[in-house]
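**Student:** Listed below, chain by chain, are the residues.
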Amino acid sequence: MWCSSNPAQKRYRVRMIWAAFFCVVLAAAAAIGISHGRVSGIASYFLAVLPALPVAWSLVVTGAYLSEEKDEFQRNLYVQALLRGIAVTLALATGWGYMEDFRRAPHLDLIWVCPMFWIFTVASYPLVIRRYRS
Amino acid sequence: MKNRLRVLRAERAWSQAELAARLEVSRQSVNAIETGKFDPSLPLAFRLARLFGLRIEEIFSDE
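Going down the list, the protein sequences come from chains A and B.
Take 0 as the starting number for the first sequence in numbering that gives the first Met the number 0 and just add one per residue.
Take 0 as the starting number for the second sequence in numbering that gives the first Met the number 0 and just add one per residue.
The set of hints was computed from the structure by calculation and includes no laboratory data.
It is possible that part of the hints are untrue.
[To be verified] Here are the computed lysine-lysine pairs in the DSS-like style, where the Cα-Cα straight-line distance is at most 27 Å:
#, chain 1, residue 1, chain 2, residue 2
1, A, K69, A, K9
2, B, K1, A, K69
3, B, K36, B, K1
4, A, K69, B, K36
Could you put the whole structure together from the sequences, leaning on the hints where they help?
**Tutor:** What follows is the structure in structure tokens.
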């Protein structure tokens, strides 16, 4: 999907770029606001959770893409990549959780779960495509 | 599921890209269907049948 360009894919790319942009901006704002002590109390909780909103938005955007994509084969490819991304992320996160519990492995912050999911999804997409090459 | 898409396309001298444009799908979709690696949904199978002026079972077979 990264090199094709039907309208649904173009919209998806643009929306995802905006989601990533706002995630970085809000994460920076939260880090500056909270670590420098400019925001405290209840407001700091709201500020801390703000970067999660674009992340949630990226999942909504993905759902929108799947419903807007008219090419069922392209939709099928992306659903397979998403499922692989979910499977690898859940397996690794669970495995690492047990390593933390039983072997005192370094703690992995939960904020890395979603980036991991997107990295594994994007990485698995070429593997999914390869299955259909003649 | 087997199909006669490649033959039907060749009879009309259409490339995969031309057929894909007529169906409003990607060329990869046409290739995946032709090679039997992807089975189209019923609506897409009907679009194919209409495009070639045939019935679905004249294009696809479950043998």
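**Student:** Hint by hint, say whether it matches the structure.
**Tutor:** These are the hints, each one checked on the structure:
{"no.": "1", "hint": "A/K69 x A/K9", "in the structure": "13 Å, holds"}
{"no.": "2", "hint": "B/K1 x A/K69", "in the structure": "23 Å, holds"}
{"no.": "3", "hint": "B/K36 x B/K1", "in the structure": "10 Å, holds"}
{"no.": "4", "hint": "A/K69 x B/K36", "in the structure": "19 Å, holds"}
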